[in-house]
Amino acid sequence: MREPGLITYKGTGTRNALEEQRGNPAYADDLSGLLDHLPFVVEAGCGTSIEAGIPPLHWLHEVYRVTARAGNDLTQGYAFTLAPASDILIKEMLTDTVRKVDGMVAMFRSLFLAEPTSAHRTPKALYDAGHMTGPVATHNFDRLVARVGLPEAFMRRYDQRIPHMPFPDDAKSVLVIGLHADRRGVQARARELGLKVFYLDTEGVTENGVGKPYLIEGAREGDVVVRSGATPALLHLAELLNVNV
-8 MREPGLITYK GTGTRNALEE QRGNPAYADD LSGLLDHLPF VVEAGCGTSI
42 EAGIPPLHWL HEVYRVTARA GNDLTQGYAF TLAPASDILI KEMLTDTVRK
92 VDGMVAMFRS LFLAEPTSAH RTPKALYDAG HMTGPVATHN FDRLVARVGL
142 PEAFMRRYDQ RIPHMPFPDD AKSVLVIGLH ADRRGVQARA RELGLKVFYL
192 DTEGVTENGV GKPYLIEGAR EGDVVVRSGA TPALLHLAEL LNVNV
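Quick note: the sequence shown uses my numbering, first residue -8, plus one each step.
Hints may contain errors.
Stated by the list, open to error - Keeping only pairs whose Cα atoms sit at most 20 Å apart, straight-line, the calculated EDC-like set for lysine to aspartate or glutamate is:
id: 1; residue 1: K163; residue 2: D27
id: 2; residue 1: K163; residue 2: D119
id: 3; residue 1: K91; residue 2: D119
id: 4; residue 1: K82; residue 2: D93
id: 5; residue 1: K91; residue 2: D78
id: 6; residue 1: K203; residue 2: D161
id: 7; residue 1: K115; residue 2: E183
id: 8; residue 1: K187; residue 2: E208
id: 9; residue 1: K203; residue 2: E183
id: 10; residue 1: K163; residue 2: E183
id: 11; residue 1: K91; residue 2: E53
id: 12; residue 1: K163; residue 2: E143
id: 13; residue 1: K187; residue 2: E53
id: 14; residue 1: K163; residue 2: E42
id: 15; residue 1: K115; residue 2: D93
id: 16; residue 1: K82; residue 2: D119
id: 17; residue 1: K203; residue 2: E42
id: 18; residue 1: K163; residue 2: E212
id: 19; residue 1: K115; residue 2: E53
id: 20; residue 1: K187; residue 2: E42
id: 21; residue 1: K187; residue 2: D78
id: 22; residue 1: K115; residue 2: E230
id: 23; residue 1: K115; residue 2: D78
Quick caveat, the hints were computed from the structure, so don't treat them as lab data.
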């Protein structure tokens, strides 16, 4: 039997599915509470990449027909496309080649064109000022964090249940930016070490032109959620700490 709120893993053949129940985090208007828990470590999700013009990972799932998804419906559940009769990828490539190839390279084209934003430059300024520590835990493959000069700890490793995250001894908290469904084991480890967990996320998504709530799955009692885009909240944090970006 596991205690409420703890993470367990259930084998599903070739992958491990994460089972957990959302807790009741506190909500705050800004990141001012982080000032009592410095220095902090950052875990960056796709929110910062989306702000830089890079599509979210589910775009690849849709283009390559990994899941039976049609449209930007993130809050709905979709089964993986495993039956050959249901896999339409080859048909699309043969019957609508130009459009399909364009879609298949769109993600990678955006990676070459994207530039770091204030959501990347601000953490670098905070890091240089000593308010942020350690590598940035990330599952993004755009390397925008590295391009501003921050060390990265890459978390997308499917052969590990919880990828290794080297938390520095001086870390007091973790700031999770724009991360929903992936790599919540990093936050679980942070709590085990006694680190305070803050989330920076809009907790919403636009599906087919309609805004819908999209709550952070990994939030727990004792955590703090700030509903905001990354750039304005991080710039405000820099102002509170008198750090020039």
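How the hints compare with the structure:
A distance of roughly 9 Å separates the Cα atoms of K163 and D27; the hinted pair therefore holds under the 20 Å criterion. Distance restraint check for K163 and D119: the Cα-Cα separation of roughly 17 Å lies within the 20 Å cut-off, and the hinted pair is therefore satisfied. Annotation: proposed proximity of K91 to D119 is violated, straight-line Cα distance about 44 Å (limit 20 Å). Restraint check for K82 and D93: the C-alpha separation of about 15 Å stays at or below 20 Å, so the hint holds.
For the proposed pair K91 and D78, the alpha carbon gap of about 14 Å is at most 20 Å, so the pair holds. Restraint check: the Cα-Cα separation between K203 and D161 comes to about 38 Å, which exceeds 20 Å; the hinted pair is violated. Straight-line distance between C-alpha atoms of K115 and E183 comes to about 26 Å, which puts the hinted pair past the 20 Å bound. Distance hint between K187 and E208 is fulfilled; the C-alpha atoms sit about 17 Å from each other, no more than 20 Å.
With a C-alpha separation of about 32 Å, the suggested pair K203 and E183 falls outside the 20 Å cut-off, and the hint is violated. Using a Cα cut-off of 20 Å, the hinted pair K163 and E183 holds, with the two alpha carbons roughly 12 Å apart. Distance hint between K91 and E53 is fulfilled; the C-alpha atoms sit about 11 Å from each other, no more than 20 Å. At most 20 Å may separate the alpha-carbon atoms for a hinted pair to count; K163 and E143 meet this at roughly 19 Å.
Of the supplied pair hints, the one linking K187 and E53 is violated, its CA atoms being roughly 35 Å apart against a limit of 20 Å. Simply put, K163 and E42 have alpha-carbon atoms about 27 Å apart, too far for the 20 Å limit, and the pair is violated. Distance check on the hinted pair: K115 and D93 sit about 34 Å apart at the alpha-carbon level, beyond 20 Å; violated. Between the alpha carbons of K82 and D119 the distance comes to roughly 51 Å, so the proposed pair goes past 20 Å and is violated.
With a C-alpha separation of about 18 Å, the suggested pairing of K203 with E42 holds against the 20 Å cut-off. The hinted pair formed by K163 and E212 meets the criterion: a straight-line CA distance of about 17 Å does not exceed 20 Å. The straight-line distance between the Cα atoms of K115 and E53 is roughly 33 Å, outside the 20 Å bound, and the hint therefore fails. Restraint check for K187 and E42: the C-alpha separation of about 26 Å exceeds 20 Å, so the hint is violated.
This hinted pair does not check out: K187 and D78 have alpha carbons roughly 44 Å apart, beyond 20 Å. Our distance criterion of 20 Å between C-alpha atoms is met by K115 and E230, whose separation comes to about 14 Å. The hinted pair formed by K115 and D78 fails the criterion: a straight-line CA distance of about 43 Å is larger than 20 Å.
The structure is inconsistent with the numbered hints 3, 6, 7, 9, 13, 14, 15, 16, 19, 20, 21, 23, although it conforms to all the rest.
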